[in-house]
Each structure stands twice: as C-alpha cells, then as structure tokens.
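Number of protein chains: 2
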Amino acid sequence: MSFGSKLLTRRGIALLQFSSVGKTPCGGFRTFTTSKANVCGLNISRNYSSTSTVDVELTSVRYKDHVQRGNFAALQPDDVSFFREKLGKHRVITDQSDLDGYNVDWLRIVRGSGKIVLKPKTTEEISIILKYCNDRNLAVCPQAGNTSLVGGSVPVYDEVILSTSLMDAVINFDEWSGVLVCEPGCILEKLNDYLLDRDFIMPLDLGAKGSCQIGGNVSTNAGGLRLLRYGSLHSTVLGCEVVLADGTVLDLMSTMKKDNTGYDLKHLFIGAEGTLGIVTKLAIQCPAKPNAINLALLGMDGFDKVLTTFKRAKRDLGEILSSCEYIDTASMECVTGNLNLKLPISQSQFYMVIETSGSLGEHDEEKLNNFLEDIMEEKIVSDGTIASGSTQIKDIWALRERIAEALLKDGYCYKYDLSIPLTVFDELVQDMRTQLGIGAKRVCGYGHLGDSNIHLNITSETFDKSVHNKIEPFVYEWVAKHNGSISAEHGVGFKKRDYLHYSKPNEAIGIMRDIKKLLDPKGILNPYKVLPSNFSPKI
Amino acid sequence: MSFGSKLLTRRGIALLQFSSVGKTPCGGFRTFTTSKANVCGLNISRNYSSTSTVDVELTSVRYKDHVQRGNFAALQPDDVSFFREKLGKHRVITDQSDLDGYNVDWLRIVRGSGKIVLKPKTTEEISIILKYCNDRNLAVCPQAGNTSLVGGSVPVYDEVILSTSLMDAVINFDEWSGVLVCEPGCILEKLNDYLLDRDFIMPLDLGAKGSCQIGGNVSTNAGGLRLLRYGSLHSTVLGCEVVLADGTVLDLMSTMKKDNTGYDLKHLFIGAEGTLGIVTKLAIQCPAKPNAINLALLGMDGFDKVLTTFKRAKRDLGEILSSCEYIDTASMECVTGNLNLKLPISQSQFYMVIETSGSLGEHDEEKLNNFLEDIMEEKIVSDGTIASGSTQIKDIWALRERIAEALLKDGYCYKYDLSIPLTVFDELVQDMRTQLGIGAKRVCGYGHLGDSNIHLNITSETFDKSVHNKIEPFVYEWVAKHNGSISAEHGVGFKKRDYLHYSKPNEAIGIMRDIKKLLDPKGILNPYKVLPSNFSPKI
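Protein chains in written order, with my numbering: chain A, 1 to 539; chain B, 540 to 1078.
Careful: at least some of the hints might be erroneous.
So, partial list: chain B residues that the calculated Cβ filter (under 8 angstroms) puts toward chain A [stated by the list, open to error]:
#: 1; residue: W715
#: 2; residue: A1019
#: 3; residue: S1024
To give an idea of the interface, some chain A residues facing chain B are shown, with a C-beta separation under 10 angstroms as derived from the structure [unchecked claim]:
#: 4; residue: Y230
#: 5; residue: D251
#: 6; residue: L500
Read the hints as simulated data drawn from the structure, not as lab findings.
Where is the CB? At the ideal position from N, CA and C, for every residue including glycine.
Please model the complete structure; the sequences and the hints are all you need to start from.
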C-alpha cells in the first residue's frame, strides 16, 4: 500500500505518488553471511588467511608514538602447557595461521600479535584462566564477536586472547517475565531468532547482529536501531555474572526488574569494554514481538522542517515510533550515486526514515498515515513514501544502512560517531565543510536523530594527513563546546582513549582510574583500552 | 463507557455489567496536601511540632544493640559560625523546635538528634559545606523530601542535616529532545506539572510525588507507577552533577542519550542513597504526554489466570500497557472492609488493575476492549469493569493505592517490599500464612505484577515479637531461595542494611565497601545507611 493511496482514502486527495523502489544489487539490508559482516551499515569482507592479514600494519608499529607495551610477562611454554591441561588442546590455539583472524579488527586498521587464543566453556574455566594470568602478570584481551570499530577487541601487543565464542548457551527464558538468561558468546541474531519463536525479541538490533556476541554488546554498551524504543542496555540488562581480574566470580545475576539493595554494580561492567572484568552470564529483559512494522521515507527542504517532523512524530506516533533516522542530501547522493540505489522520492535537502512497530497493524497504519497527511498538508514534508512489503522495506533501509559502504567508494573515509544536540546536526556538517574547504571530497552527516547520534563522515581520494589535521581536534572541540559525546555508541577502545577528556572531566577520568585499580590492580584486563594512555597500572 | 457496553458493540453480547463506583470518603487518589503525604499509597499525617515528635523513640535508643555512633566530631559553636558565615543565618537552622521535623521519618519509627540543618542554594555551597565537614570529620545526612520508608533520610545520631529543598530550579527544558535539566530539590509533582504544560511528563510517578524531591528519587532509584512503561531511573537519567565527600564537584552532566566514553559513573550515584555523594544537578529524559488513559479492574479465580491475563495483556496491549497491578483477595477485603470502599465487580480470588496510556484514545480503547472481550470469552477473567471518567478512575486506583492505609487499621503492620518471580506471588503469601498460622490477623499480597514487585503485608492487633520472629528471617530466606530482592523499590536505608546479604553475595558487598572507601574515605556521607553495620570507615 502506498502513502498516496492511503491519503486518498482519508481526505480524498492524493498528495504523493509512490514510486516503486528499485531492487538493490546485493540485497545488503540487515542480512549477514559468515564471510561478510555489516557493522553499523558497513559491509566489510573478513579474511582470516594469513596472506591478507599481514597487509595490516601492526598496531605496535603504526601507533608507536602513542603506546608502549606494559610491563607484562611474555607467554612461556609452561603457560601454554597449563592452559592445555585445563582446557584441552583443541581449545588452546597457538598456530600462527589460526591466530591471525583474532589479531586483526574488522576495519583492518589495528593488528596485535597475540600468541595464544583460549576458548573456555564455563565461568569456572575463565576464573582459572584469569587467576593464572593475574598471578603470572600476563595481559588478557577478551574477545567476543570482534566487530569493534575502535580497536577494542584485538590485542595491541601480545595479550592472551580470551574468546567467549564457545560460551553460547541459552540458559533459561521465562515466558512470563520475558527475561532471558544466557551466556556471553551467544550471537545476537541467534538470540533474536530464539525469542521470535516465543513471540519476543531482543531489545537491541545492530547491523553486525550476525556475528556480534551479546557479551560484547553488553561490554561495549552497544546502541543500535531499537534504542529509541527499548532504551539502552543499562535499562534492559537486569543482571550479570562477571569474572574479575584475579579470578573472583562476582554474581550480580538478578533476574528482577527492581532491586534496590545497594550500589548497582552491574552498570560498571556495561560499557567497560572488558577492562574491569569478563561478563560470563547475563539476564536481559526482552520486549514482546511487535505484530506490525511500518516504514516511511520522507524528504524535506530546510533543517527546521526536520526538527518539526521529529517533534510531530514523537507526539503523533508516540508509543509506536521505533526508529527516527536522518540522512542529509550529501549522504543520500553518495549512497544513490556510488551504489546505484534508486531514490523513490524526489530529491530534497534532507531525508528521514521513520519506522513504527506496534501490536496492531491497522492502528499503526492509521496513525502513520494521519501523521504524514498532516505534515504534508502543512508543507513540512516535501515528498515521501510508505514502504509496502518486505522488499520495499529493505530497499528503503538500504538507503540508510549502506551509506557507510558507499562512502568507502569515495576513497578514504574519516569517520566520527558523535552525540550532539539534534538541533545542531546540520550546523556541524556545515561548519566542517567550511573548515575543510576544497580539501574534502565529501562532508556528510546521517544517523539516529531520535537518539541525538550523528555519524559525521568526510571523504578524500586517499588518506591525507593535512585533511586529518584540519578535522582533529576541530571536531572534538566542536563536540565538547556543544556538551556532546565524542563516542556515542562505538565506545572508546584503543583508538579514542586519548580523546576522552573532550567528553569527560579530569575528576571523572580520575575516578575511572581508581575503579580500574580497585578491580584490576595489575591492569591485566584489556590494557591500552578505554583509559587514557598516561594511565600507569601498578605492576 | 462501560466494559459491558463496549463488548456489546463488537460481538453483540453483554458479558459484563458495569457498576457505578462509590465515591471514596477522603478522595485520596494521588492527591497530596502539605499536611498529608501518600507514600506508596500510605497516607500519613506529618507533624513537625515538637510535642508529637518526641513521642518517637530515638533511633540510638530503639536500635541500641544494632548500631553505635561512629568516631565523628560533634558540632561546635565555631562550626555553626562557619556555616552562618557561608549561608547566612536564615539558611542555618539550629532551633530545636525547627529541627524536629528533619529528625523524624514519615513512618515515625526512626528519630535522629541532628543539631543543625543547612539549606544550601548552589552546588558551590554544597561543595564548601562538604569540604568543611570532611576536614572537620563531621558526619552529614543529606535530606530531600524525607519520604524514605527505610529510615534513609534522617540522621541516626547527630549528623549535620543537609537539605536540598532550596535547590528547586528548572534549569532548562529542551522541547526537541525532551531532556529536562533541573536541581535536586524540585518536587516531583511540580516537575510533572511543568512538563505537562509542554506536552511532556516525568518518567516516574509516585504516591509521594507531592513532597518527594527529584534528587531523592534519583538517589534512592525510586520505582513507582510508570516504571513498567518508561523504565527505571538508570535508563531515564542521562546525566548528573555530584558533590563528593571532600567537596569535589563531579560533572557527569551529559544531556545525551548515548555516551560511550568510558565507565558510566552516574549509575553509582543512582540508588546510593547519598552515601557516595550528593546529587546537585540532573538531566532526565522525559516522555511525551500520552493523550489517553484507560483503566480496567478485573477479577479472576485461580492464580494461573492472573498469569495468563498478564501475558495476554503484554501481547495484546503491547506498547500501550502502562500499569499492571495485582491485588489478592485478602488485600481487597481489607481495603473494602476497613475503608468502606465499594468493589465495583463481583468478588474473586484475585484482582488486577490494568492501565493503558497512548497517543490516540480510540485506538487504545479498541485494543483494551478486544483484549478484555477475548479473555472474558475464554473464561480467564470472571468479572471486570472499565473506568469511565476521572472519578471512576480515581475510585479504582483507590482500591489499589489505599491498601496500605487500610492495613494500618488492623493494628500493627509488618511490611515487606520484595522482588520475586511473578509466578510465585501467591505461593509466598500462602507459605507465609502457613508459617504464621493463627498468629497473624491477616497475610496479604499486592503490588506491581508487571515489575515482579510484591508488597507482602502481615497484620496483628499490636506489635508481637513472636510474630515478627516467625516472619524474619523466614521471609528473607524465602526471597533469597527464589533469587529475589529483599528491597525492590524502597532501598536499604538504615533499616535493611543488615539484611543485604540475602540479596547480595559477599563479593558484591565487598566491592560496595571498596567503592564507599574510595569516594568517601572518612565515611562522613549518610553513615549507618546502605552498607552493613560491620563496615568500619577509615577514620
């Protein structure tokens, strides 16, 4: 059913014409294969073969001026023997060709030289491993799905890689309360499929869902497409079990929504990126499966109209609004031009993708149509379409989700994941364009308008140090001036740790350090990550 | 419009008859006057006069076997002079008759002997006060609306009372993002009124809203009536400013929904009950005002039918379900019998109050009617009514909210606010009844079914030590066995600190202590609260 035809039924006038959306060449919408992962809409081939992996410069070389190896022990044959004795030889990987995939990140920008991968199956095994590493002063890099965009999930030097991939059991699902209890290695998409069979869904959804693991999602406080509706993991994670650096098992496994018995320690581990402990079990509050999903693509001329549309959507769609995405014209030109995707509405200065999901389809459609009719009549929106059927839904989502992939075709892409007030989304892009002048090929902004989260992207033919120096620290200063966050949903990892002060005052960084020292006195857990590089672990 | 008449229109059969609800004598529904506060549905007269206050036994006497004064300094004339110099004499209260109200809790069970009340107006003043108290080793009891049910907001001995009541300004409201920035002393109800004028609401609602302050709500992680829909304060508080024990101002004032720049420290202070710092500023994500609210009262025979109704409500009402409350027959008999309230449906073994709120009234009504028709036809519900108009809505809510008040008319009431799996709500009540035999006058359960939060109440003619000893630790062991929480939404405060181990393992209590020592090394902030009594502050 088209936007236009719906409007016709209500007020007898056809305000819009729906154009059939062209089929996209690779059908990349929220699909996933084992060889490709869509990370925040970025399709990247992953190759575990050693020939291609060594193409990626070692982090210790590329970032030699910014990091130096901590005073940790180096792996010895006795260590390997210990791990083999505890885990069995098949769950201890030391063969170089097998190690390569665990040492390189998705974006192929950072590469460690970890000599061993351990694959525990139980909390007790993780406890034994960490106690041993802590006693031996061996650094450890926890790794879940390895889809980090900030270099958080691979070693910087030779850290022991602790993979949670074999801890992938659903332990319990309570159909009365909707609370799922599971292990950290469960793949997000598989959990969602498991829940769909029981008329529930996961409260989060990411492009990388086909390979990312829930333990990694929680450890990085992953955001994604459902945050607007169901909130962050700080709200949906009810409990967790964590193994601390010294092997202590910390049981915070409440399955209750309400628990006011003292400091809620689980929040420390949500978003700590494995630097304070390793999450070994989780309880998550899951929402009921919505019966109906509707999607609209809208175009508007003037950023003020974007804001008005958002405000009206919140008011008129209320409880059924589940996504509110923003695409500026430079982003749309990129995705349609570089990937030959068809724009089903006329060209505009700005675009929005609005999704509703609810328990009764006909109600949702009526709300959406009334909302659209009103903003059309009031000339807030210049053109729009409602997707009908899964193909059109996929095609419209592709215009949003494949922007990152399209940008890479420009050459090199400088990427920034920022929280800023939504009222200044376009101002940031304009200011950056002015700042860069002709130095940049393209400056564009898109992202989660409903969550005040913009993805600012700049492209040039190849990496250009002078362009880079014009962007940074300009962009971070701009964000700080607007009280934003220099990492909205991607985390800090290795790459952003030295920019932390743009979003956190010294007092907060000081307390972060104190808590790190408290829970991991030797600093063995995911070193060189999250905390600024001037952090000196007590060793 | 009645439940029955609606059903008639859809399938031509009248399943129910709506009975007009009798007007309640005191109209206590979510109303509040300065002389009465409704705390979790409990109307308690508050009297600041010294004659009545001294009737309450001093905590130091009543609990003399459970607590002893820490090695803090006693207030000296020089201290009073210092505070007067910094705040002016009108914001430093030392007159005994004026002090009394600040020393006694709402329930009139605990009473401190604080010699001074300070009323700062700015963060800087709080910083000066705390730095001074920390240097002088003077203990401090932060106090917001003083509506704690666990003795958290009054001194145990002679702590300096730091009242936030004069810090009650709304600093900013962003109508685009719905983010409210305010001071901690803002009264919850006033904030909600402020937001209603702008088509938004507060994400929490409590019986005590007329006097409780938002800083206290956040410090105690208050739950309340909207938690089912909008989540806990861990999800809606975006940022806060906190003054630490040594006067350090910790700026965690993000107004962004997404901020993944390191450990999210604000969560430490949400629910810390003022033991880690004093919240001086807040940013809160506020939802849009719902346009329509509907309310139904249902009766069912058999606890299995309560569970089925809840599950079906989640599925069929989905996004508009905003409250799902549970009342067992013993609770209903109490509120109707002791307060002469009229039950508008036939007697049942169990009752549920289901509220919907949404953006389009006619849609909500249709969903609610279809849901009710289905569960009626399937004999899940034996009787029910939909409230029409504000009077009927108030009258139905009164049946739920005035239970606590009704229980007090039995004589003495032993009160427990527990999280347990909702499937065992009735089992707990039955087990307690068996445990107590004829010793108890009444054993009943009611509460927030949708949040797995039951209020277990037992009454006897007067306080009976043998009854009490049969209840405790039986109830805590029962809750622990079911992995529940011994304090769902009321917090720990002074009264529950020594029961913490029923819901928290030793490792977690140990880390709580470490964090307390880290942020408040001398232990001056709200001593004798939250942490178990064997905690020894370093002084």
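Status of the hints after comparison with the structure:
1. Checking W715 (chain B) against chain A: minimum C-beta separation of about 6 angstroms stays under 8 angstroms; hint holds.
2. Because the beta carbon of A1019 (chain B) sits about 11 angstroms from the nearest beta carbon in chain A, more than 8 angstroms, this interface hint is broken.
3. Because the closest C-beta pair between S1024 (chain B) and chain A is about 4 angstroms apart, less than 8 angstroms, the hint holds.
4. The criterion of a C-beta within 10 angstroms of any C-beta in chain B is met by Y230 (chain A), whose closest approach is roughly 9 angstroms, and the hint holds.
5. The beta carbon of D251 (chain A) comes within 5 angstroms of a beta carbon in chain B, closer than 10 angstroms, and the hint placing it at the interface holds.
6. Against a cut-off of 10 angstroms between C-beta atoms, the interface hint on L500 (chain A) holds, since the closest Cβ of chain B lies about 6 angstroms away.
Hint check: a violation occurs at hint 2 only; the rest are consistent with the structure.
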